[in-house]
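Q: These protein sequences, in sequence, are chains W and U. Throughout the first sequence, residue numbering follows my numbering, covering 1 to 336 in sequence. Throughout the second sequence, residue numbering follows my numbering, covering 1 to 336 in sequence.
Keep in mind the hints are simulated off the structure, nothing from the lab. Accuracy of the hints is not assured; some may be wrong.
Distance ranges between label pairs, derived from CB positions [what the hints assert, rightly or not]:
id	chain 1	residue 1	chain 2	residue 2	range
1	W	Lys209	U	Gln142	26 to 36 Å
2	W	His238	U	Asp113	32 to 42 Å
3	U	Lys107	W	His238	24 to 34 Å
For every residue, glycine included, the Cβ atom is placed at its ideal position computed from N, Cα and C.
Protein chains: 2
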Amino acid sequence: MTTNRQFKLAKRPVGMVKREDFDFAQGPVGEPGPGEVLLKVLYLSLDPAMRGWMNEGKSYVPPVGIGEVMRAGGVGRVIKSNDPKFAVGDHAVGLPGVQEYAVMPAKGLTKVDPKLAPLPVYLGTLGMPGMTAYFGLFDVGQFKPGDTVVVSGAAGAVGQVVGQIAKLKGAGKVVGIAGGPDKCKWCVDELGYDACIDYKSGDLKKQLKAECPKGVDIYFDNVGGDILDTVLTQLAMHARVLICGAISQYNNTTPMKGPSNYMSLLVNRATMKGFVVFDYAARYKEAAMEMGGWMAQGKLKSREDIVDGLETFPDTLLKLFKGENVGKLVLKVAGE
Amino acid sequence: MTTNRQFKLAKRPVGMVKREDFDFAQGPVGEPGPGEVLLKVLYLSLDPAMRGWMNEGKSYVPPVGIGEVMRAGGVGRVIKSNDPKFAVGDHAVGLPGVQEYAVMPAKGLTKVDPKLAPLPVYLGTLGMPGMTAYFGLFDVGQFKPGDTVVVSGAAGAVGQVVGQIAKLKGAGKVVGIAGGPDKCKWCVDELGYDACIDYKSGDLKKQLKAECPKGVDIYFDNVGGDILDTVLTQLAMHARVLICGAISQYNNTTPMKGPSNYMSLLVNRATMKGFVVFDYAARYKEAAMEMGGWMAQGKLKSREDIVDGLETFPDTLLKLFKGENVGKLVLKVAGE
Numbered sequence: 001m002t003t004n005r006q007f008k009l010a011k012r013p014v015g016m017v018k019r020e021d022f023d024f025a026q027g028p029v030g031e032p033g034p035g036e037v038l039l040k041v042l043y044l045s046l047d048p049a050m051r052g053w054m055n056e057g058k059s060y061v062p063p064v065g066i067g068e069v070m071r072a073g074g075v076g077r078v079i080k081s082n083d084p085k086f087a088v089g090d091h092a093v094g095l096p097g098v099q100e101y102a103v104m105p106a107k108g109l110t111k112v113d114p115k116l117a118p119l120p121v122y123l124g125t126l127g128m129p130g131m132t133a134y135f136g137l138f139d140v141g142q143f144k145p146g147d148t149v150v151v152s153g154a155a156g157a158v159g160q161v162v163g164q165i166a167k168l169k170g171a172g173k174v175v176g177i178a179g180g181p182d183k184c185k186w187c188v189d190e191l192g193y194d195a196c197i198d199y200k201s202g203d204l205k206k207q208l209k210a211e212c213p214k215g216v217d218i219y220f221d222n223v224g225g226d227i228l229d230t231v232l233t234q235l236a237m238h239a240r241v242l243i244c245g246a247i248s249q250y251n252n253t254t255p256m257k258g259p260s261n262y263m264s265l266l267v268n269r270a271t272m273k274g275f276v277v278f279d280y281a282a283r284y285k286e287a288a289m290e291m292g293g294w295m296a297q298g299k300l301k302s303r304e305d306i307v308d309g310l311e312t313f314p315d316t317l318l319k320l321f322k323g324e325n326v327g328k329l330v331l332k333v334a335g336e
Numbered sequence: 001m002t003t004n005r006q007f008k009l010a011k012r013p014v015g016m017v018k019r020e021d022f023d024f025a026q027g028p029v030g031e032p033g034p035g036e037v038l039l040k041v042l043y044l045s046l047d048p049a050m051r052g053w054m055n056e057g058k059s060y061v062p063p064v065g066i067g068e069v070m071r072a073g074g075v076g077r078v079i080k081s082n083d084p085k086f087a088v089g090d091h092a093v094g095l096p097g098v099q100e101y102a103v104m105p106a107k108g109l110t111k112v113d114p115k116l117a118p119l120p121v122y123l124g125t126l127g128m129p130g131m132t133a134y135f136g137l138f139d140v141g142q143f144k145p146g147d148t149v150v151v152s153g154a155a156g157a158v159g160q161v162v163g164q165i166a167k168l169k170g171a172g173k174v175v176g177i178a179g180g181p182d183k184c185k186w187c188v189d190e191l192g193y194d195a196c197i198d199y200k201s202g203d204l205k206k207q208l209k210a211e212c213p214k215g216v217d218i219y220f221d222n223v224g225g226d227i228l229d230t231v232l233t234q235l236a237m238h239a240r241v242l243i244c245g246a247i248s249q250y251n252n253t254t255p256m257k258g259p260s261n262y263m264s265l266l267v268n269r270a271t272m273k274g275f276v277v278f279d280y281a282a283r284y285k286e287a288a289m290e291m292g293g294w295m296a297q298g299k300l301k302s303r304e305d306i307v308d309g310l311e312t313f314p315d316t317l318l319k320l321f322k323g324e325n326v327g328k329l330v331l332k333v334a335g336e
């Protein structure tokens, strides 16, 4: 058996993540015990949330310990199995971590079928980002047909799904916010957003006002910071502001910027809600069936931004925070 | 007929309200037209929200215009009536403005009975502040018996009611936040708060943690700023943060301080909700009956901080922002 290359967290990053925050190590390939399988990792999911997992302190999951393999979602092929639920050759998603091989309890893995969708899609639109979009918009956000929906990070892994499924369910208008003309063009031309505002050019507030003359019913926020603050000025009565993430703030060395226009919640009798997709685990199947159906009918598109090579991990992760990815950012670890 | 002394808004205040922001004028006493009454103002309600009404720009009510009588709630005696619903000698509450006499449409007034409660109480516990506490806590906040409830501005007009009615409905623990040892002692000794933290002394976060070991289920926020930010660090899962006001921020000359710890909403699957009591107008009676019953049984106390003399209006209003009032701040305009 070959060695197992792994990225371990070497220290807690200060500000932007750097290569030196990780130790690129070689370890042995483990042996699965009873109820465990050995997974050969094929694709890893790179997510904004990973930045938070590197920090010390309470969050919705424990932080990654110093010296531990960096936590990451991924999809791979079972190459040894000590559990009747998995046969060698099966494909499965879970949290293998940033490494080539992972010994994992079978109950932490979900079988997926590469014939139904390409494997990277199970890390994106049919994975956590898709589930986040689905339950965030429909359950937490109490979406109603006719709603004006605004989504930031519109071209990202979650955003690309939010915009499309809002349209599919009868939104009155769907407006994206993204960085740069290329992403915005893609959101409108390919994903079917009614409009997409490039926050890097022009006056976001003015453009939002023009695009959403009746105000924003649902704001699906993936970015925080100034964009959240600006959208708060354009809420409709009884608006729902969904706090999904705050990628603009994760690498701050100063305290996070709070939304100074939060009193707009009072004026507009609006609600700001935080949520974590894991709470919906028991209902993933329901979302996967509906979204898988849309994909099969060509109504829901999914784009993955795939970068090759485990060794590129720290730099590839940075693409997220620089806004360089379009669609779901995936690290290819091995050929299928 | 005597003249009518009035405070008119002379200019939009910058920062803290000053006497020069008002014009203390003398006008004629008006004549009520059809469907109107002439009210002799007895007591005026001084509220933090008045600061917002002086600013230009969209809010939940239009701003007071320059040269207009300053808007204020109040209670008075009907001295002329052109409407069958009111007889001379009736007492009524409404929005007469900061003046001695007001011509008002009868439909903007609600009759009150001075035999059931002292008139100033209709501006406090049985008025808007009481309604705000009641519908905020029970309706917006989805209060459940056993909840740990924290309220800021605990000794203020709204706070004094929130703390008491939370206890009456079976809160697990009610913790106030107020400025100074006297207010805190009063909250605990007289109102029955389980604890009250003096935010001006010691470490608020540490004290909150000690008083609310299971976290905060409902935070009823009247103050905003650093206190809101600190309480956000102590939320329980599925907490509700009620945005009722932000008195610490109303006189800012810089942008309002946003809550930098708002991502605690995500970690704790919590909700931040804004509300405006006027939306509950159709249900005021329900609240007044329950709270009036508690008052009659001596279970709900109400304190008013009454200052005498219309001419003191600008300085008396400042007591709110300096935290000098205990209970509901009322300006006495004339003897009953």
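Q: Give a verdict on every hint.
A: Checked hints:
1. W:Lys209 with U:Gln142: 26 to 36 Å: holds (33 Å)
2. W:His238 with U:Asp113: 32 to 42 Å: For His238 of chain W and Asp113 of chain U the Cβ distance comes to about 36 Å; the hint holds.
3. U:Lys107 with W:His238: 24 to 34 Å: For Lys107 of chain U and His238 of chain W the Cβ distance comes to about 26 Å; the hint holds.
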